[in-house]
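Going line by line, the protein sequences match chains A and B.
Going by this note's numbering, the first residue of the first sequence is number 1, and it counts up by one from there.
Going by this note's numbering, the first residue of the second sequence is number 1, and it counts up by one from there.
Simulated from the structure, these hints should not be mistaken for lab results.
Remember, predicted model here, so these are calculated numbers, not experimental data.
Some hints could be false.
Derived pair list, reagent style DSS-like, types lysine-lysine, alpha-carbon separation capped at 27 Å [as the list claims (entries may be wrong)]:
| id | chain 1 | residue 1 | chain 2 | residue 2 |
| --- | --- | --- | --- | --- |
| 1 | A | Lys196 | A | Lys175 |
| 2 | B | Lys77 | A | Lys53 |
| 3 | B | Lys154 | B | Lys285 |
| 4 | A | Lys112 | B | Lys154 |
| 5 | A | Lys226 | A | Lys175 |
| 6 | B | Lys77 | B | Lys179 |
| 7 | A | Lys55 | B | Lys179 |
| 8 | B | Lys179 | A | Lys53 |
| 9 | A | Lys53 | B | Lys83 |
| 10 | A | Lys196 | A | Lys176 |
| 11 | A | Lys115 | A | Lys176 |
| 12 | B | Lys154 | A | Lys113 |
| 13 | A | Lys65 | B | Lys179 |
| 14 | B | Lys154 | A | Lys115 |
| 15 | B | Lys106 | B | Lys215 |
| 16 | A | Lys115 | A | Lys154 |
| 17 | A | Lys113 | A | Lys154 |
| 18 | A | Lys222 | A | Lys196 |
| 19 | A | Lys154 | A | Lys65 |
| 20 | A | Lys233 | A | Lys196 |
| 21 | A | Lys175 | A | Lys113 |
| 22 | A | Lys154 | A | Lys196 |
| 23 | A | Lys154 | A | Lys112 |
| 24 | B | Lys285 | B | Lys83 |
Derived list of chain B stretches under chain A, where covered just means 3 residues or more per stretch with a C-beta under 8 Å from a C-beta of chain A [what the hints assert, rightly or not]:
| id | region |
| --- | --- |
| 25 | 153-160 |
| 26 | 163-177 |
Here a beta-carbon is modelled for each residue, glycine too, at the ideal position from N, C-alpha and C.
If you want the building blocks of each chain, they are given just below.
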Amino acid sequence: MLELHNIKAGYDARRMVLHDVSAVMRQRAVTVIMGPNGAGKSTMLRVMYGLLKSKAGTISLHGEKLQPRPQNLVEEGIFMVPQGTRVFRTMTVLENLELATHFWPSRAGFDKKLKEVLEHFPDLTPRLHDMAGNLSGGQQQMVALARVLINNPKLVFLDEPSIGLSPKLIQDIFKKIRTLCDQTGAGFVVVEHNLKTLLPLVDYAYILEQGRVVYDGLAEGKALDKMLAATFKA
Amino acid sequence: MEYLLNLGIIFCIYSILALSLNMVVGMSGLLSLAQAAFYGIGAYATALCMTGLGLDFFSTILIGMVINAVIAYMVGKILSRFKGDYYAIVSAGLSIIVFSVLLNWKSLTNGPLGVFGIDKPSVGGFSFSSNASFFLLCLVFVAMVYVIYYAIDKSAFSRCLKAIREDEELAGSFGYSTKRFKSIIFVLSAMLSGVAGALFATYIAFIDPSTFQLKEGIFLFTIIIVGGLSSAWGSVVGAVILISLPEALRFLGLPYETAAQLQQMIYGAMLVLMMVLRPQGLFGKYRM
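Bound conformation, chain A alone:
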């Protein structure tokens, strides 16, 4: 669906963070981008979402070149949940979700979809009128997922959704992502440091090291295990 071809990018002209990165982000699949700190994982996500301009290389969507910008990508059904703050803390859960009404022509259509989405997140229904900032980290992540799901996404980028969550909650979040992918057909691209134990829930994996893709393929097999061992040996 979204393809990167030989992308070079960085925050200052003299020092590139990404070097000739090529990758394919697919619909109906969970893709994980892993790598040690400073490998360029979040930079890769920022470039794909148009938050950072690439210095070289091209990005294409459905085979057509594009200069990504969040405003254009959301129209194509591509959304992102950035790292760190996941919700608007002083707005209620419902207000957080209602931000999506902006993309809906009628309130009735939105309400119908909201009901449908809340079936995926039953824990949120009794908390709709609570301040989102008062929710637990796991519930906040659920609000962030629900907020993008309302818009019938084709592709969702998640930047380190495990930050600040317990291993049990991380497992739950990934199971939810897997279920949502299977049930809705949306593709999920998850940037994480190292989630070896969660690889059975993932379809494709990319491993980045010093801004280069050192593994690209199915999220299983000996080659991946070997590369993970080599990358995270420290």
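Knowing the structure of chain A, use the given hints to seat chain B on it.
Only chain B this time, still in chain A's reference frame:
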């Protein structure tokens, strides 16, 4: 009675200014100190069009609003790149520039001597020349601005503004054109400030640049901090409290200089107390 009506008119003018500023600061989290500039432009547009071109009051309000909209749109494009303290500094710059223009463009504004002989508004042969009728006119404008504030506050547009106030990057990642939203609310706020300027000019019948300095913008900021950020009612109450204060000091019979200094001390103490005890202001929904 005349004194109370005079006070009521000033309450109304400052309520309009506070409501319009609260759209930018309270709803959107943008620390604008430019409100005095738009207040001044509105006042001068009305004063110059009425005295120089002989236009009626209501046409001049529209002219002031359009001029403010154009300036706010252009300045807003630059301002929307900034946030936080930088936004405050750049917007303060606009206020200083407008004051300098009003002071130095003597062929148009008559410089420090100001514009005299501004008539009271009139419509269909009826002149709002008495304080009572002018107060009623002001109340109508306050009600209109209040309704506009309320309508925006309950709209999906305001929800986006609040999202930007909370976390601009997160709102941007959701596909919102945050710069456009910031620019639109800045323009709307500037237009409404122009209405307050027009009322002020016709009420006082004389304006000069000294009324529209940066310190006026800071005073308006104080009103909404005390009254409450992101609250329409708080804007009005804040205006009433801060306008009443110097009036109350009059009755103490203090010498003018002492009263003026005491007023500043009380304003300062109020701000500090509000920041410590109730950072969201009396009726505020949002903490800066």
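We went through each hint and held it up to the structure:
1. Lys196/A - Lys175/A: 14 Å, holds
2. Lys77/B - Lys53/A: 21 Å, holds
3. Lys154/B - Lys285/B: Since the Cα atoms of Lys154/B and Lys285/B sit roughly 14 Å apart, the hinted pair holds (cutoff 27 Å).
4. Lys112/A - Lys154/B: Roughly 21 Å separates the two Cα atoms, so the pair holds.
5. Lys226/A - Lys175/A: 25 Å, holds
6. Lys77/B - Lys179/B: With Cα atoms ~8 Å apart, Lys77/B and Lys179/B stay inside 27 Å; holds.
7. Lys55/A - Lys179/B: 24 Å, holds
8. Lys179/B - Lys53/A: Holds: Lys179/B and Lys53/A sit about 18 Å apart, inside 27 Å.
9. Lys53/A - Lys83/B: With Cα atoms ~21 Å apart, Lys53/A and Lys83/B stay inside 27 Å; holds.
10. Lys196/A - Lys176/A: 17 Å, holds
11. Lys115/A - Lys176/A: 17 Å, holds
12. Lys154/B - Lys113/A: Cα-Cα ~21 Å, so holds.
13. Lys65/A - Lys179/B: Between Lys65/A and Lys179/B the Cα gap is close to 26 Å, so the pair holds against 27 Å.
14. Lys154/B - Lys115/A: Roughly 22 Å separates the two Cα atoms, so the pair holds.
15. Lys106/B - Lys215/B: Distance of about 22 Å is within 27 Å: holds.
16. Lys115/A - Lys154/A: 19 Å, holds
17. Lys113/A - Lys154/A: 16 Å, holds
18. Lys222/A - Lys196/A: 13 Å, holds
19. Lys154/A - Lys65/A: Answer holds: Lys154/A to Lys65/A is near 18 Å, not above 27 Å.
20. Lys233/A - Lys196/A: 13 Å, holds
21. Lys175/A - Lys113/A: 22 Å, holds
22. Lys154/A - Lys196/A: 25 Å, holds
23. Lys154/A - Lys112/A: 19 Å, holds
24. Lys285/B - Lys83/B: With a Cα-Cα distance of about 20 Å, the restraint between Lys285/B and Lys83/B holds, given a limit of 27 Å.
25. 153-160: Holds, because 3 residues of the region 153-160 of chain B bring their Cβ atoms closer than 8 Å to Cβ atoms of chain A.
26. 163-177: That given contact holds, which follows from 12 residues of the region 163-177 of chain B lying within Cβ reach (below 8 Å) of chain A.
The structure shown violates none of the earlier numbered hints.
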